[in-house]
Each structure stands twice: as structure tokens, then as C-alpha cells.
Amino acid sequence: MRKDEMRDGGSGEKTYCVFGVGEREFLLAAEDVREVVDIARIFPIPGAPDYVYGALPLRGKIIPAVDLSKIYPIEKPSYASPKLLIIDVESENIGFLSETSPFFVTFDDDIVVDDLIDIKSFFETYRIKTMGYGKN
Amino acid sequence: MGKTDRSELLEYFLAEAEDYLNVLSRGIPELEISSDRPALLEELFRAAHTLKGAAAIVRLTVTSSLAHSMEDILETFKDKHIVIKKDVIDLLLSMLDAVAHIVRDISEGKEENGAFEMKFTEQVAEVMAQAGGPVDAFDRFNLMEEAAASTLTPPGAVNEAIEQPVAPQEAPEAAPMGGAKVSPDVPVKAQEAVAKRKDDVEYFFGNFVRIDLKKIEDMFNLISEVTIMKNAMLKKTKEAGEVSEEVLFAGKRLLEEVNAFADRHAYTITDNTKYIDPLFSEFGDLEFDRYDEQNLFSRKLQELTEDITEALKELMQFFGFFQDDIKSLDKIVKFLRSDLSESRMIDIGRLFQRFVRPVKDMAREHDKRVDLQIAGQSTKIDRVIFENLFDPLMHMIRNCIGHGIEKGEQRTKSGKRREGIISLSARREGINITIEITDDGAGIDTNKVFAAAVKQGLVKPDATLSREEILSLIFLPGFSTAGATDMISGRGVGMNAIRSQISNINGTLELSTEVGKGTTFRIRVPSSLAITNVIVFAYGAMEFVMPTSLIEEVVQYEPVDDKSGDRKESLDLVYHRGTPIQAKRLSDVFYIAGNGHEGKRDNFVLVCSISNKRVGLIVDDVLGQEEAIIKPVNRFLEGLSIYSGITISGDGLVRLVLNPIKIFEEETRTFLVTPPEIESFEGRRVLIVDDSLSVRKYLSTFLTARNLKVYSAGNGNEALKILEETEVDLIITDLEMPVMHGYELVSRLKGSDTLKAIPIIVLTSRSTGKHREKALELGADDYLVKPFDERSLVASLKKYSLIPG
Chain R
1 MRKDEMRDGG SGEKTYCVFG VGEREFLLAA EDVREVVDIA RIFPIPGAPD
51 YVYGALPLRG KIIPAVDLSK IYPIEKPSYA SPKLLIIDVE SENIGFLSET
101 SPFFVTFDDD IVVDDLIDIK SFFETYRIKT MGYGKN
Chain A
137 MGKTDRSELL EYFLAEAEDY LNVLSRGIPE LEISSDRPAL LEELFRAAHT
187 LKGAAAIVRL TVTSSLAHSM EDILETFKDK HIVIKKDVID LLLSMLDAVA
237 HIVRDISEGK EENGAFEMKF TEQVAEVMAQ AGGPVDAFDR FNLMEEAAAS
287 TLTPPGAVNE AIEQPVAPQE APEAAPMGGA KVSPDVPVKA QEAVAKRKDD
337 VEYFFGNFVR IDLKKIEDMF NLISEVTIMK NAMLKKTKEA GEVSEEVLFA
387 GKRLLEEVNA FADRHAYTIT DNTKYIDPLF SEFGDLEFDR YDEQNLFSRK
437 LQELTEDITE ALKELMQFFG FFQDDIKSLD KIVKFLRSDL SESRMIDIGR
487 LFQRFVRPVK DMAREHDKRV DLQIAGQSTK IDRVIFENLF DPLMHMIRNC
537 IGHGIEKGEQ RTKSGKRREG IISLSARREG INITIEITDD GAGIDTNKVF
587 AAAVKQGLVK PDATLSREEI LSLIFLPGFS TAGATDMISG RGVGMNAIRS
637 QISNINGTLE LSTEVGKGTT FRIRVPSSLA ITNVIVFAYG AMEFVMPTSL
687 IEEVVQYEPV DDKSGDRKES LDLVYHRGTP IQAKRLSDVF YIAGNGHEGK
737 RDNFVLVCSI SNKRVGLIVD DVLGQEEAII KPVNRFLEGL SIYSGITISG
787 DGLVRLVLNP IKIFEEETRT FLVTPPEIES FEGRRVLIVD DSLSVRKYLS
837 TFLTARNLKV YSAGNGNEAL KILEETEVDL IITDLEMPVM HGYELVSRLK
887 GSDTLKAIPI IVLTSRSTGK HREKALELGA DDYLVKPFDE RSLVASLKKY
937 SLIPG
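Residue numbers (the working numbering), protein chains in the order written: chain R, 1 to 136; chain A, 137 to 941.
These are calculated hints, taken from the structure and not from any lab test.
As the structure is a computational prediction, the values presented were derived from the model and not from experiment.
We put the beta carbon where it would ideally sit given N, CA and C, even for glycine.
Possibly wrong hints are sitting among the right ones.
[Claimed, not checked] Pair by pair, the computed Cβ-Cβ distance ranges are:
| id | chain 1 | residue 1 | chain 2 | residue 2 | range |
| --- | --- | --- | --- | --- | --- |
| 1 | A | F458 | R | T106 | 43 to 53 Å |
| 2 | R | V105 | A | E478 | 42 to 52 Å |
| 3 | R | R41 | A | F397 | 43 to 53 Å |
| 4 | A | D697 | R | S78 | 42 to 52 Å |
| 5 | A | K934 | R | R41 | 38 to 48 Å |
| 6 | A | S828 | R | R41 | 22 to 32 Å |
| 7 | A | V492 | R | R41 | 33 to 43 Å |
| 8 | A | A931 | R | R41 | 44 to 54 Å |
| 9 | R | S78 | A | L829 | 22 to 32 Å |
[What the hints assert, rightly or not] Listing some non-contacts, in silico: residues in chain R with all C-beta distances to chain A over 12 Å:
| id | residue |
| --- | --- |
| 10 | E90 |
| 11 | E92 |
| 12 | V105 |
| 13 | V113 |
Based on the sequences and whatever the hints tell you, model everything.
See the structure below:
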């Protein structure tokens, strides 16, 4: 699924990518989502906070995979066949683990969307700044 | 300057000149119409100025002189804000053409044509006089006459140039200007020239194009992807080859069996044989071979098996050729990588030259005389390293001048030359570059360093430290020489920061010093950051790498029985060449302990020399040495300073690049103490016992994807052999297998004191209660039926703590 395929919505509308972790659903602005990949294997990063589930290589780049269940109060997800949403942010890529296959919805601009992740603010807040827990 | 040096420099000059000539060519005609003339004049002035300087460096005196004249004219108009007439523009364009002509000659291996030099003297003087420019411009031309006379221009070339003014047809690429000539006697209508120039003039010399560094980085990324893909293909081909061999072996066995069967039944006629062809009824059994269906079938089977074996042989041959092709591809990719890597390399001399002026200025500020001696300028170094070395070198040179080199009187008293010497040298040592900054100053007194460290509470007063250990204190975070500058020549200030900057480019910093004689700082950096030679090592189930430039030696783990209690809790003592050195386990760095590390042994120590001090990193296994493309850590993770990068192995494993300097010197122990959950399951081992290759492969893929390490056996007997040498956390076994079936295996395992604790999952196609009960009765822990439901297997894996529950 590619970004240019996802984006629709005429003027006055905005498209979001919806993905699920545990019992909860999160939304991301569709333009932030570069692609969705199946996870073949994920590699732990010792020393990283627990919300960094690991990292995986994707076309020569290493993408950190974020487990939102460690940040938000969510019942422990099973991640039986997890997907990873690859996000473009601050000239970097990070990934969000999803238990479900993400889908896209379009709303009018004036609708306030709950559980929307502002990716820039997320990146800045949870970016690991020193050794130790990332939210510092 | 040798001939080779000059020709190399000329290539750089040609690339540079091309840019400036094009700037001038586009800009000069614009002077008439530009709305922002001051900015344009400034741009043109800069281009002429830089062209002049560049030409002078490569001893192109005529070019330099012409560029200088253009610079003078442009500067005059820039400063005086007066109208630029068409004749001035024409003159500038003519001069530009002359320069372009000369530069083209140079690019074709000819010498400078001195005939151009005096062509514009009068016109320039006239323009300058009208505009009120500097008078010396005219004088300079007179002075240049002498220089022109001494150039090595062949006499014929001079005449040729004089007789044949530069015209577009003579230098079509250099100056396709539609009639603009250098001779002032044949003026060209400016408008024509302007119109033509705007569209047509583009200079191109030499073989250079400028490429954005990011483009090269992108190409590197693509090459690294090709390398990974290639390695993955190589691995898969190898695996496929192994499977083929297995099948070939099975095919041979089948052929033997079939042959034996065919031999037994080739002509056997049993009593109840029904003749296939009644035509043969008159022949007796021994008179004519008769074939019943069994005979025919066995023959057919024989033929088919032979066909299959033949096809498999061809397949094996194909894999052989395919592997050869991939190896050739491997070589090509390596060449490509190496060429691309070289394109990022720069002569370190360009970096060293940047210090010439500051050294003079700083020496003057400190009222000292310093001679900066530079060596090894042509040593090539990665551009990224080049850029990252400037600050640390500047800091060290500043310290050398400020605190290392003594004042003149003091030096004279000590019997030294009044003028201090700072030498800056670079040399290539294998894959590394060693840079030394040496001064012949006062040196560093270790007694005073020790005293300062004691005063700051960094060491106990009664600590016994070697000279090397004392010097390493200078690099400690928090070590300060404030108030003690004169004692240790101020070297401690900022040394930690400098070392940190160098460690960011996988470099090391050491110093050697002698009181009264001077100090040498030795920086060792890899020549390229893009491709780095690394040692691959394992700790638990994880693989890490460290650049070989940072590792002094790899030794066997030999702990020191230390009862003194002096050592730090986080550090072990191990022997290195008979001497105890401090060492650290990775588990102490980021808490891997208890997470897949049980049963593993500390086998090796990676000995690193960090700022004059040897330390060791204790690891389980050293897996080898290889060239790796190190990528920077994702910005989301950049705070994890113990990693200086990330690499991807040939088979797609993510390997973190450890930075030993951060591991050993950031003793603040702020590392994460709660192990991420995923780690606790990393590296659990599963033994699959099944006679079916497909089942083994399928299960292996399924389990490997869940970060489990998998061992495989074709029957119970093979499984027991594996278990003699390897500890596993779970066994998944089939029931029906040759040599030793599953029931016997379960029975033997549960009867063994050492193996009975290992959980056993029986995975069989037998679904009856009878089979199940027998397996569970013998001690199997779980019973799954093929084709198995992945969720059931996942549930069992969770039940036995093989994956997170």
C-alpha cells in the first residue's frame, strides 16, 4: 500500500491511517505514512527504552519499531502477526507496530479526530536523547 | 612541486575554473540589465578573485594576471557605483574569452599562451582611469611583462595566438560567442555578444562534474542494498545447493533400491504369471525373457529414477555456475563500492592548510614564535572525517601554542631554539589514518596530573597508577586543570570533549609526553567511514560489531583472581599478555544478563586502548572480521551513545556498532536497568526432530521469525547427538521416523537426568487418542497434530516461555 494510493479526499477533507494496538485504535495523517510492511524479524536494541520494541532493516535503512502499548494504557497486545507502519518524520523513518492491517478513512476537515498521533510532537517527545529512558 | 603533483592540481583547477568562468560568462552580459547590480558585481568580483587565486597556485601567471585585471575592474565599479558602459562589458567579455582560451589550452595539455597577457593593458588602464580605479593596475601590467617573458610558452604558440584571435570556430566549446574577439582593434557589438552569450556560452573543461554529497550517500545506500541482496542470494543459493545435495543423495539411494528391486524382479516369472503377449507362448521361460507388470514397473521406475538423478546433477551444476556468477557480482560490487568510497576522499593537506594562518595569529597573541611543519598532505581521508577533525585539531593546536610551547626566553634557557615547532603529520596505516600533532614544548608532568586528579577527587591519594594510567586521567570527564594550568600545560581542558568528538568518527586519541621535550597527540581514524573493517562478535544471541581501528587485540578470556576489593563493581580484571586490565561484560553495560545468556561462556576479550589505557570488553564469541557499511544511528535512537552506528549483515541481521569509548568512560551508569521484554526471549533454542525436510524447513522458518535459534535432526538418533553438544530449551519431535522413532526419543530424554527437564512437543500426523496417550505417558509435554495450527504452536511456545506470553 503506497501513500499515493491512499490519499484521496478532495478539498475540505483529510485522510487518516487507522491502526490497532490491543483494544485501541490510533490514527495518523495519511501523508505521514510511507508504507505498511509485514514484520519478518525484529531485532532488539539493548539499552533502548521498552517502547522501542526493536529495529528492522528496510531497504538499507534501519527502522526503529515503536510499541505504543508501552506508552499508552493498553492491555498487552499479542502481536501475533504484526504489521509495521513506516512513518516519514523529520527526514527520518520510524515504525509503529500494529496488530491489525491498517486502513484509511477520510473525514471532513472540521471533524476533530480522537487518538490522532501528531507525529512531529511524538518524535520530539519520545526520541531518545540520552542513555536511559527516552522521555527525558 | 613535482610534475605529477602539478598535473593533479591542474585537474582541480580546471574543474574550479569551469565554474568561475561560467559565472562570469553568464553574469557579465547581465551587468547592463540586472536589477540587482551590486549583488551581481559582488558575485562576479568573487568569481574573478577566486579564479585569480586558483590560477596563481598552479602557476598560471597569465591567467592569474588577466583574472586580476578583471577583478580590478569589477571592484572599481562595485565600490564606486558608477554606470557600466558597453565598452567595459565588451572588454570584460574579451578578457574572459582570453582566459577561457588559455584554460582550454591547459586542459589540452598545452602551456599558457603569454601573448594574451599584454593584449588588454591599455584598455584596462583606460577603463580604470575613467572610473577612477587604482593606479597600480597599470603598473602591474608593466611588471607582468617580465613574468610573461619567463613563461615556457613555445614561441610558435605565441605567434599563433596573436595571428589568430580567439573566435568561436577556434574554441567552439570554450567560447562560442558569435564573433567576440580578444583584439580591441575589432570591437564587437555588445548587444550581439550579450544576446549570444546568454543562450550559448557554457564552458566545460576537464573531466569533472560536481555531485552533491548526498547523491553519493544515496548511491552508497543503494550499493549496500545490492550487497545485502547479493549476500542473501548467495546464502539462499548455498541452502538450495545443500537441499539439492540432500535430494541427490536420497535419489542415489532410491536408485540403488530400485536397481536392487529391478534385479530381483527383472525376469522372475511366477506360477500365476499371465503372459502379456500370446505370441511368445511357444517360448519356454529360459528361451525368452518375459515381463510381467511388476517387471515393467521396476524397469520404468529405474528409468525414471535415473532421469531424476541426471536432472539433479544438472541442477547441481547450475548451482555451481550460479554461485560463480554471484561471486563475480560480489567482486564488481566491491570495486564499485571502493570507487564510490574514493570519490568521497579528500587530501588531508587541505585540512592542514587551514591551520597555517591561525597558528601565526595565535602565536602572535601569545607573544611566541612557532614554526608549523606539515607532512603527509596527500594522505586521502573520508570527507566526513575530514570535516569532523577540524575542531579537535584546532583545539589541540591551540593548547600546543598556549600551553605547550614555552616563551622564547624560557626556551633559550632550556637550550632550545627560540622558535617552537609544531608538526602536523598524517600517514596511512593499513585501513587507518594516523595523524600526529607534536610540539617541542614543556611536556606534561605526570606527578602534577596525579596531584590535580587527587585534588579533584578523581583518584585516591594512595592509588598506585602506572604512568599510562595517570596520563589517561587527563581524558576523564570532570578532570579539570582550572587553577593548575601551568602545572600540566593546560592539556586537560576539553580533552574529554575532544576525545568524544574523535570517537564519534570511530577514532582514538592517545598522547605521549616527556617533560621538557614535548608532547605528541596521536589520532587514529579509519580512512573511510562508509566502509569500515569490523570485528563481529556475539553476546548471548545477539551479534554486535566494533571497528577494528578501535580494537588493539582479541585475547582469550582469562580472569584475574582479584581479592583486593579495589576494583569497581562494574569491572572485572582479566589478563592481557600477563598483565591485569579492567574489563567489562556487555551485560553490565545494558543488562543482557539472564536473557538468553545462560549456558554461554565468556570466551574472548576485545582489548581496546582508550586514551592510553587498555581495557577489555568480555564477549561470548568472536565470529570474524568483515567489511561493513556503517549507517548512522536513526535520529530517534541517537541518545544511545554507546552505539556509533548500525550495520546490516549479509544475511539481513541488524548489528549494532559499539563505541568502546562510551562504554568505558561514561561510568555514570545511567544505562537502562529494565531489560526490554523482547530480549528475555532472544536466543532461546529449539530442536526440531522430523524426517521430513519440508517440515523441518517450515518449522525452522516459523521459529526463526520469532527470534528463536533452531537446530534440526532427521531422527531420534541425530537429535541425541545434537543434545550431547548443545543445550536447548524445547524439543519438537515427530513420532514416525527412521533409525529412532519419536516414542523412543521421548522415552530416552525423559530417562536422562540431564535432559528430562526439556519440554517436548510431539508434532505428528497421527491424531488418534491411542498415539496421543502413549506419547504423553512416556513424558511428552504437548501433542500437536499435523497440519498444525500456528496458533496452537504459538500457544505452546508461550507456555514454555520460548516467546513472550
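Going down the list of hints, with the structure as the test:
Our hint of 43 to 53 Å for F458 (chain A) and T106 (chain R) holds, since their Cβ atoms are close to 49 Å apart. Checked against the given bound of 42 to 52 Å, the beta carbons of V105 (chain R) and E478 (chain A), roughly 51 Å apart, stay inside it. Between R41 (chain R) and F397 (chain A) the Cβ separation comes to about 46 Å, which falls inside the hinted range of 43 to 53 Å. A hinted range of 42 to 52 Å for the beta carbons of D697 (chain A) and S78 (chain R) is consistent with their spacing of about 48 Å.
Our hint of 38 to 48 Å for K934 (chain A) and R41 (chain R) is violated, since their Cβ atoms are close to 18 Å apart. In this structure the hint that S828 (chain A) and R41 (chain R) lie 22 to 32 Å apart at CB holds, the actual value being about 24 Å. At roughly 53 Å, the beta carbons of V492 (chain A) and R41 (chain R) sit outside the given window of 33 to 43 Å. Checked against the given bound of 44 to 54 Å, the beta carbons of A931 (chain A) and R41 (chain R), roughly 21 Å apart, lie outside it.
For S78 (chain R) and L829 (chain A), the Cβ-Cβ distance of about 31 Å falls inside the hinted range of 22 to 32 Å, so the restraint holds. A Cβ of chain A approaches the Cβ of E90 (chain R) within 12 Å, the least distance being about 7 Å, so the stated non-interface status is violated. For E92 (chain R), the non-interface assignment is contradicted: its Cβ lies about 5 Å from the closest Cβ of chain A, within the 12 Å cut-off. Every CB of chain A is more than 12 Å from the CB of V105 (chain R) (nearest about 27 Å), matching its label as outside the interface.
For V113 (chain R), the non-interface assignment is confirmed: its Cβ lies about 24 Å from the closest Cβ of chain A, beyond the 12 Å cut-off.
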